[in-house]
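Chemist: For the protein sequence lines, the chains are A and B, in the order given.
Numbered by our numbering, the letters in the first sequence go through residues 1107 to 1287 in order.
Numbered by our numbering, the letters in the second sequence go through residues 29 to 191 in order.
Rather than coming from a laboratory, the hints here were simulated on the basis of the structure.
Don't be surprised by glycine CBs; every beta carbon is placed ideally from N, CA and C.
A couple of the hints might just be wrong.
Unchecked claim - In silico negatives: residues of chain B with every beta carbon more than 12 angstroms from chain A:
1) Asp39
2) His58
3) Ile84
4) Gly89
5) Ala120
6) Gln126
7) Gln149
8) Pro183
Unchecked claim - Using C-beta positions, here's what the derived DEER-type ranges look like:
9) A:Gly1165 / B:Glu122: 48 to 56 angstroms
10) A:Glu1150 / B:Ala42: 28 to 36 angstroms
11) A:Gly1229 / B:Gly144: 31 to 39 angstroms
12) A:Gly1195 / B:Arg142: 43 to 51 angstroms
13) A:Ala1284 / B:Ala45: 41 to 49 angstroms
14) B:Arg142 / A:Arg1249: 24 to 32 angstroms
15) B:Ala72 / A:Ala1196: 45 to 53 angstroms
16) A:Tyr1228 / B:Ala76: 20 to 28 angstroms
17) A:Arg1249 / B:Gly153: 34 to 42 angstroms
Said to hold, decoys possible - For lysine to aspartate or glutamate, the following EDC-like pairs were computed, each having C-alpha atoms within a straight-line distance of at most 16 angstroms:
18) B:Lys69 / A:Glu1182
19) B:Lys69 / A:Asp1184
20) B:Lys69 / B:Asp80
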Amino acid sequence: MTGPSQITIPEQVGAAAEVNYGAPPPPDFGPLARDRIPVRAMTEGDLHALIAIDRRITGRDRAAYFRQKLDEALHESDVRVSLVVERNGAPVGFIMARVDFGEFGRMEPTAVMDTLGVDPDYGGQGIGRALLSQLLVNLQTLRVERIRTEIDWRDRELLGFLDHCGFAPSPQLCFEHAIAD
Amino acid sequence: MNDLATKTEHDTRALTADDIERVITIDRAHSGHSRRSFFEKRFAAAAAHPDDFILIGVARGGSLRGFASARILRGEFGRAQAVAVLDGLGVAVECQEQGVGHALMGEVLRRLRRMGVHSLQSQSGWKNHDLVRFFASSGFELAPRLALERAVAEPLDEVSEEV
């Protein structure tokens, strides 16, 4: 049996000791990320902004790489599906993807997502999710069935984001061959 | 790395626009579907930017027996060095097991070395045992990268933590 000295009354912290059933319920749904954050198609004029965002993320100048990637996204994809989010009139996030026509003018069933970047100053605001959300809607309209990407397995932040966004390991293996000088 | 092509008697050459139909045919025999659009754009891009691509083939008796296609990416890792992505490799079905693939790979590696490229990357389905075996015998190793994918129609979780 428990003696009186061992009885403790739970300490009340804060004012919410009782559930207020009179208050309006919290919403169990809300606007989609792509509805809250306007997303537009990427253009060649975005190149310098994309390089700057990437430099802030990676600490490296990958101008030549981005020039190639933008060219690929805008000119080698049969449909332009790459997107940008702007804040205060300047791009703060982007997603680059490609999709090709296959046989008889039908869309290839798998799109490739090459690059995703969000300015660190705008992290945690749902910009990456808005970009991906809009991209998926656009790809669905094109009747593309799957989207694929490739990442460094040590990039935990990107891996976590893609995991939360429903990506899973594909049955593709990644290979590399070192080339000595 | 051994220069694989030295073990064979196959001559490699650069591909031209005249080879595109044969390349599409060889590729379709492996993949089961045509990548016409991809190869048309690839040949056009290689003609416009020859320093950014390698498009080579092995021909015998005037007929193309196999091809390899690689794209060079400069500055991906923020260094002067470049990496290449092997995104097309095919050997005519009737010419398999004759060293054509290794001749192509040897030539791709030689050209990349001359261009200062330090790594060649590629992908294969894990069930594509012939290609996996070919990569293994050509000196490729598993890369520290993951291929990820999802269904486009699957709803995106809009509630979990924001990124």
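Chemist: Each hint should be assessed against the structure and marked as holding or not.
Modeler: Hint by hint, here is what the structure shows:
1. Asp39: Answer for aspartate 39 of chain B: holds, closest chain A Cβ roughly 22 angstroms.
2. His58: holds, 14 angstroms
3. Ile84: holds, 16 angstroms
4. Gly89: holds, 29 angstroms
5. Ala120: holds, 20 angstroms
6. Gln126: Since the minimum Cβ distance to chain A is about 22 angstroms, glutamine 126 of chain B lies beyond 12 angstroms and the statement holds.
7. Gln149: violated, 5 angstroms
8. Pro183: violated, 8 angstroms
9. A:Gly1165 / B:Glu122: 48 to 56 angstroms: Given about 52 angstroms between the Cβ atoms, the range holds.
10. A:Glu1150 / B:Ala42: 28 to 36 angstroms: Once the Cβ atoms are compared, 30 angstroms apart, the range 28 to 36 angstroms for alanine 42 of chain B and glutamate 1150 of chain A holds.
11. A:Gly1229 / B:Gly144: 31 to 39 angstroms: holds, 35 angstroms
12. A:Gly1195 / B:Arg142: 43 to 51 angstroms: holds, 45 angstroms
13. A:Ala1284 / B:Ala45: 41 to 49 angstroms: violated, 33 angstroms
14. B:Arg142 / A:Arg1249: 24 to 32 angstroms: violated, 43 angstroms
15. B:Ala72 / A:Ala1196: 45 to 53 angstroms: Violated, since alanine 72 of chain B and alanine 1196 of chain A (Cβ atoms, about 33 angstroms apart) do not stay within the stated range.
16. A:Tyr1228 / B:Ala76: 20 to 28 angstroms: For tyrosine 1228 of chain A and alanine 76 of chain B the Cβ distance comes to about 35 angstroms; the hint is violated.
17. A:Arg1249 / B:Gly153: 34 to 42 angstroms: Check failed, 22 angstroms falls outside 34 to 42 angstroms.
18. B:Lys69 / A:Glu1182: Holds. Lysine 69 of chain B to glutamate 1182 of chain A sits at ~6 angstroms (cutoff 16 angstroms).
19. B:Lys69 / A:Asp1184: Roughly 9 angstroms between the alpha carbons, so the hint for lysine 69 of chain B and aspartate 1184 of chain A holds.
20. B:Lys69 / B:Asp80: Given that 16 angstroms is the threshold and the Cα spacing comes to 14 angstroms, the pair holds.
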